[in-house]
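Spelled out from the first residue to the last, the chains are:
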Amino acid sequence: MAENIIVYGLVSSGVYALLAVGFSLIFGVARIVNLAHTAFYMLAAYLIYSLASAAGLNLYLSIIISIIIVTIAGTLSYKFLIARVRQHEATTLIVTIAIAVIIQEALLKGFGGQPRGIPKLISGSMEIFGVTVLNQQLLTFGVVVFLLLATWFFLMKTKSGVAIRAIAQDREVANLMGINVPRMEMLTMAISVGLAAIAGALVAPLLLVTPGMWTHPLVMILAVVVLGGLGSLQGSLIGAIILGFAENMVVFLAPSGSFLKTSVALTIMLIVILIKPEGLFGIVFEEERG
Amino acid sequence: MSLPAAYFTKAFKLLRGEVFVLPSRTAVLLIGILLLIFPAFSQEPFILRVLILAAIFAIFAASWDLLSGFTGQINFGHALFFGVAAYTAALLNLNLGLAPWATIPIGAIAAVLAGLVVGIPCLRLRGTYLAFATLAFPLILLGVVYAIPSVSGGELGLQSIDPLSKSRVISYYIIIPSMIVLGFIMWKISDSKIGLLFHAIREDEVTARASGINTTRYKLLAFCLSGLFAGIAGGLYAHFLTQAGPSTLQLLLSFQVIIWAVFGGIATIYGPIAGVLILYPLTEYVLIRYLSVLSQAKMLIFAFIVLLVLLFMPQGLTTWLRDKTEKICPRCKLQNVAWRRKCRVCTAELD
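As they're listed, the protein sequences go chains X and Z.
Residue 1 is where the first sequence starts when you use the numbering used here, and the numbers rise one by one after that.
Residue 1 is where the second sequence starts when you use the numbering used here, and the numbers rise one by one after that.
If you are wondering where the hints come from, they were derived from the structure by calculation, not from laboratory data.
Any given hint could be a false lead.
[As the list claims (entries may be wrong)] For the chain X half of the interface with chain Z, some residues (derived, Cβ under 7 Å), not all of them:
id: 1; residue: Ala83
id: 2; residue: Val85
id: 3; residue: His88
id: 4; residue: Val131
id: 5; residue: Asn135
id: 6; residue: Ala174
id: 7; residue: Val226
id: 8; residue: Val272
id: 9; residue: Ile275
id: 10; residue: Leu280
id: 11; residue: Phe281
[Said to hold, decoys possible] Covered stretches of chain X (chain Z as the covering partner; in silico rule of three or more C-beta atoms under 8 Å from a C-beta of chain Z):
id: 12; stretch: 90-97
id: 13; stretch: 144-157
id: 14; stretch: 256-268
In this text the structure is predicted, and so the values were computed from the model without any measurement.
Every residue, glycine too, gets a C-beta built ideally from N, C-alpha and C.
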């Protein structure tokens, strides 16, 4: 029991962390609540399915192609749809929901509602301290850790990363310092969607792929970023670990736990933000200049 | 002059002075009358069903607007009020045998209490945090509903509760006038001093508090009022469809109400109502019947329509139309037709 909680908890925390970091990044930089974030994750999973299982391409090749296509699709949808309405907050929300619904319905139409399976990237399992772990789970966890470190390195050490953090701190002053704000926002969106696509590629072999698979992770990453504090990357990581483990503990320990896992995770999120309204690591944003 | 004639003259004066001066108000009056006399033209059960559901969702969308559009407290979990009222009405009807005229008000009161349950803890939260926190409430309740199928009916929901009326036309004449009256009440609230204070809270809460407004009280009032109207909609929905299921609490319904409201134009009350009355019959009836769109594709087309309209009218449909046809008098702040030179009341020059 305990070993299952640890294995599944680590995998789902890792996936939530990857999704939440991308979501948090685009929120922190462009103040866009991208509700289509997990729809891109689903799109990547379906593209891999159609390229690998239906078109019979090499699995590695199809994963790379899918990630590239989804990243381009996300960036284009940002440039042509979201960026045009972003000064109206509510409209931005609806536009991102509309994008998510369009992706969902297009997939439903193209592939039907039945669940699809994707072959595992690496098969087999391993015994670690007497616990059976699927190799795919190990791979997922390894890639998540690598990507989180890479994102951190990019944001902290490279010139573009510094520019992105500068925009997150103060958009206008960053603009005055000669940073090309629209281009950096596009780059952030590309990274954000790219991370979502990779998360989709990692999770697809572990789950069944269905056109409704985006709503649950969306709810979870919204809870994760609020729990950790909006715009804080380490907050997203900690929030993902807390909620990922909480969810799996409920599933394995409570009766009818799979129904209650979301309820418990969301209740934890509510309790935390009622005690600490800005989340665990939240930065209190100054009021934006009008 | 006899008394009825005096009332008639007064009503006519009111109509001429307040309604016919603006094309938008005339249009609202015409649409209201058209909806009321609609069964004289067609009593096809399916059309009536679509219109009734559209009216129920119109009340629901307007109640979202009263809370989120006016006070700016974006509520991502508005389905909570709808679902709580629907389930309360259904449970009371099934277990205690209460009639719809009793269960719907009690369901609405339950939704008001739900408004307090959400509103009080969320007073500390602002902006995006508030939106994501409110999202959690209906989903938490949904998990509980699934976990206790013996009480809640689980995934199937509660079936075969009493209908509003055996005849669909009578149901129509219960629900459409309710929509018109409730919509008018909500519009009056938003046009009153309370509505002005709601606006003030959205624009700048700190300044509103500094001006001596108890913003806490008014925010809670907004949650309760919104819960009340959404609850009435939820109760009507349960009794019209004779069932209350998990779909009344789902994420999609919470998102859908925001889509309708933003599509119509927020902070107007009539905008969300127009949004639902346009989009719901369009996707449920017109597309399928006249353009032979498959019903699987209706959500796709719905999303495309919303996307395209919002790209060109980012503030929503009715707000865009209002800005094209009406001007606000710079002196007395009353709405005037855009082609007038002088204000209809204070004769100030309109620029």
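Hints versus structure:
Given the 7 Å rule on beta carbons, the hint for X/Ala83 is violated: about 11 Å separates it from the nearest Cβ of chain Z. Given hint, X/Val85 at the interface with chain Z, holds; its Cβ is 5 Å from that chain's nearest Cβ, closer than 7 Å. Nearest Cβ of chain Z to the Cβ of X/His88: about 5 Å, under the 7 Å cut. The hint holds. Taken as an interface hint, X/Val131 does not check out: its beta carbon lies about 29 Å from the nearest beta carbon of chain Z, beyond 7 Å.
Hint on X/Asn135 is violated. Least Cβ distance to chain Z is approximately 32 Å, over the 7 Å limit. Taken as an interface hint, X/Ala174 does not check out: its beta carbon lies about 21 Å from the nearest beta carbon of chain Z, beyond 7 Å. The beta carbon of X/Val226 comes within 4 Å of a beta carbon in chain Z, closer than 7 Å, and the hint placing it at the interface holds. At about 10 Å, the closest approach between the beta carbon of X/Val272 and any beta carbon in chain Z exceeds 7 Å, and the interface hint on this residue is violated.
The interface hint given for X/Ile275 is broken, as the beta carbon of that residue sits about 9 Å from the closest beta carbon of chain Z, more than 7 Å. A distance limit of 7 Å between C-beta atoms decides the matter here; for X/Leu280 the minimum to chain Z is near 12 Å, and the interface restraint is violated. The beta carbon of X/Phe281 is not positioned within 7 Å of any beta carbon in chain Z (closest approach about 13 Å), and the interface hint is therefore violated. Check on the stretch 90-97 of chain X: 6 of its residues sit with their Cβ under 8 Å from a Cβ of chain Z, so the three-residue criterion for coverage holds.
For the stretch 144-157 of chain X, the stated coverage by chain Z is not satisfied: 0 residues place a CB nearer than 8 Å to a CB of that chain, which falls below the threshold of 3. Residues of the stretch 256-268 of chain X lying with their CB closer than 8 Å to a CB of chain Z number 9, which satisfies the three-residue condition for coverage.
Going through the hint list in order, the structure does not satisfy hints 1, 4, 5, 6, 8, 9, 10, 11 and 13.
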